[in-house]
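Trainee: As a plain string of letters, each chain reads:
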Amino acid sequence: MGREVSESCVDGVVMEMVAAYCGRFYAAKPELAAGRIEAIGFQVGHQLSERYTMERPRFTDHLEAIKFICKDFWSELFKKQIDNLKTNHRGTFVLQDNHFRWLTRVSLDPAVESTDATENDSGSLGDSAAQTTSMLLYFPCGLIRGALTNLGIPCAVSADMSNLPACSFVVRIKT
Amino acid sequence: MPPLTTPKSGDALFASVERVNAELFTLTYGAIVRQLLTDLEEVEEVNKQLDQMGYNIGTRLVDEFLAKSNVSNCADFKETADTIAKTLSYVCPVIAFFTATVAMHHSGTFHALSSANSLGFKMFLGVTATVTNWDAEGTTCSFVLEDNPLVDFVELPDTCQGLQYCNVLSGVIRGALEMVSMKTEVTWVRDMLRGDDAYEMRVKLTKQVPEEYPYKDDD
Numbered sequence: 001m002g003r004e005v006s007e008s009c010v011d012g013v014v015m016e017m018v019a020a021y022c023g024r025f026y027a028a029k030p031e032l033a034a035g036r037i038e039a040i041g042f043q044v045g046h047q048l049s050e051r052y053t054m055e056r057p058r059f060t061d062h063l064e065a066i067k068f069i070c071k072d073f074w075s076e077l078f079k080k081q082i083d084n085l086k087t088n089h090r091g092t093f094v095l096q097d098n099h100f101r102w103l104t105r106v107s108l109d110p111a112v113e114s115t116d117a118t119e120n121d122s123g124s125l126g127d128s129a130a131q132t133t134s135m136l137l138y139f140p141c142g143l144i145r146g147a148l149t150n151l152g153i154p155c156a157v158s159a160d161m162s163n164l165p166a167c168s169f170v171v172r173i174k175t
Numbered sequence: 001m002p003p004l005t006t007p008k009s010g011d012a013l014f015a016s017v018e019r020v021n022a023e024l025f026t027l028t029y030g031a032i033v034r035q036l037l038t039d040l041e042e043v044e045e046v047n048k049q050l051d052q053m054g055y056n057i058g059t060r061l062v063d064e065f066l067a068k069s070n071v072s073n074c075a076d077f078k079e080t081a082d083t084i085a086k087t088l089s090y091v092c093p094v095i096a097f098f099t100a101t102v103a104m105h106h107s108g109t110f111h112a113l114s115s116a117n118s119l120g121f122k123m124f125l126g127v128t129a130t131v132t133n134w135d136a137e138g139t140t141c142s143f144v145l146e147d148n149p150l151v152d153f154v155e156l157p158d159t160c161q162g163l164q165y166c167n168v169l170s171g172v173i174r175g176a177l178e179m180v181s182m183k184t185e186v187t188w189v190r191d192m193l194r195g196d197d198a199y200e201m202r203v204k205l206t207k208q209v210p211e212e213y214p215y216k217d218d219d
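From first to last, the protein sequence lines are chains D and W.
Using my numbering, the first residue of the first sequence is number 1, and each one after it goes up by one.
Using my numbering, the first residue of the second sequence is number 1, and each one after it goes up by one.
Where hints are given, some of them may not hold.
What the hints assert, rightly or not - Restraint-style ranges between C-beta atoms, simulated for each label pair: (1) W:Lys-68 <-> D:Lys-71: 42 to 50 Å; (2) D:Val-94 <-> W:Thr-132: 27 to 35 Å; (3) W:Lys-48 <-> D:Ala-156: 56 to 64 Å.
As the list claims (entries may be wrong) - With a cut-off of at most 16 Å between alpha-carbon atoms, the simulated EDC-like pairs for lysine to aspartate or glutamate come out as follows: (4) D:Lys-29 <-> D:Glu-7; (5) W:Lys-68 <-> D:Asp-83; (6) D:Lys-174 <-> D:Asp-83; (7) W:Lys-183 <-> W:Glu-64; (8) W:Lys-68 <-> W:Asp-152; (9) D:Lys-79 <-> D:Glu-31; (10) W:Lys-48 <-> W:Glu-185; (11) D:Lys-80 <-> W:Asp-11; (12) D:Lys-79 <-> W:Glu-18; (13) D:Lys-29 <-> W:Asp-39.
What the hints assert, rightly or not - Computed, partial: chain W to chain D, Cβ under 7 Å: (14) Phe-25; (15) Ala-67; (16) Glu-185; (17) Val-189; (18) Met-192.
The set of hints was computed from the structure by calculation and includes no laboratory data.
C-beta: ideal position from N, C-alpha, C; glycine also.
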């Protein structure tokens, strides 16, 4: 096992980063903040997948790379694997984590729980907790996209948190 | 009255908390700094934001520290402070940023406080910090880190020479100490990213706010 730090350090840094971008820098422009948070995740995912695949043979197809994300990559980051993987066999994969670590301490107003992280409808009388949570999820979306991009698979990733603390990441591979 | 428990050593504390892969932490912090440099352009502004993020984190970490370290809020201040000071200086020669804080809080001396701080470093970062270089008044000391997970893989390019890469740490100390009524100023004296042989923060106590109870008991 490599070096470790307290989980609170990672939680603190990620939460503060999201708070800084949404609250201080781009308070009026959530879509800009979202883009920056995703970009930070992308950078981290890109570097981590480089490190975690150093001693592996090249993946032969998309499914193999996705399985790597579900198993090895997720285990390194969250000490558990993705619980459920679905695909339509046409380039869309749904990765579901039934107990996503970064959401286990988030509470939401039940009335607005079914917010899709990809929808940032600033017109809705947005509950700020839901908004913050969806902002928080741009980071892991970026992580996955960065990791897959580094493996040669350009894609788009969005998150669905309609039943917390379960969370689904939808990966659409670009052809 | 709760029994007086012995504060845990830094190693025991670190073993007791949830831990994660340090690479995730290091790379995430690095990516944040990079993105801030791109978005804010001014290095000075980046330093300021990193410090602010650290401050906010510190105000929360101190709760966790107090909850888990067994540093008790005991009626017998002197004994508590003595216990902490001893435990820390022998068991954990390095840091306990937080323990120190509490001790100081009780004993009225900044000394004990700083050793708690070094405990905090151990608890959260898994590294030890040494408390040294006390001034004559006992209000200023240095935390020295020889190992620092924040900077694994990091090299500062020439264009970022003014960047205080680890500013989040000084912010954390400032925030955590402020939550236990001590206002401090924290400055970096040595930085390995600039070629020094260690990381050294100078922590100066500027004001100790007496504990106040704005609320009244029911009676």
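Trainee: So, as I understand it, the hint says Glu-185 of chain W touches chain D; can you test that by seeing if any CB pair is closer than 7 Å?
Mentor: Because about 21 Å separates Glu-185 of chain W from the closest Cβ in chain D, which is outside the 7 Å limit, the hint is violated.
Trainee: If I claimed the Cβ atoms of Lys-68 of chain W and Lys-71 of chain D lie 42 to 50 Å apart, would that claim hold in this structure?
Mentor: At 32 Å between Cβs, range violated.
Trainee: Take the shortest C-beta to C-beta distance between Val-189 of chain W and chain D; is it under 7 Å?
Mentor: violated (23 Å)
Trainee: Can the restraint linking Lys-68 of chain W and Asp-152 of chain W be considered satisfied, given a maximum Cα separation of 16 Å?
Mentor: violated (28 Å)
Trainee: CA of Lys-174 of chain D to CA of Asp-83 of chain D, is that 16 Å or under?
Mentor: violated (24 Å)
Trainee: Is Lys-48 of chain W close enough to Glu-185 of chain W, meaning Cα to Cα at most 16 Å?
Mentor: holds (14 Å)
Trainee: Does the hinted range 56 to 64 Å hold for Lys-48 of chain W and Ala-156 of chain D at CB?
Mentor: Check failed, 34 Å falls outside 56 to 64 Å.
Trainee: With the threshold set at 16 Å, check whether the alpha-carbon distance from Lys-79 of chain D to Glu-18 of chain W stays at or below it.
Mentor: holds (11 Å)
Trainee: Lys-183 of chain W and Glu-64 of chain W were given as a pair; does the straight-line alpha-carbon distance stay at or below 16 Å?
Mentor: Judged against 16 Å, a Cα distance of about 20 Å means the pair is violated.
Trainee: Would the hint linking Lys-79 of chain D and Glu-31 of chain D be met if the CA-CA limit is 16 Å?
Mentor: violated (31 Å)
Trainee: Regarding the hint that Met-192 of chain W lies at the interface with chain D, is the smallest CB-CB distance below 7 Å?
Mentor: violated (17 Å)
Trainee: Compare the distance between the alpha carbons of Lys-80 of chain D and Asp-11 of chain W with 16 Å, and conclude whether the hinted pair is satisfied.
Mentor: Violated, because 25 Å separates the two Cα atoms, which is more than 16 Å.
Going through the hint list in order, the structure does not satisfy hints 1, 2, 3, 4, 5, 6, 7, 8, 9, 11, 15, 16, 17 and 18.
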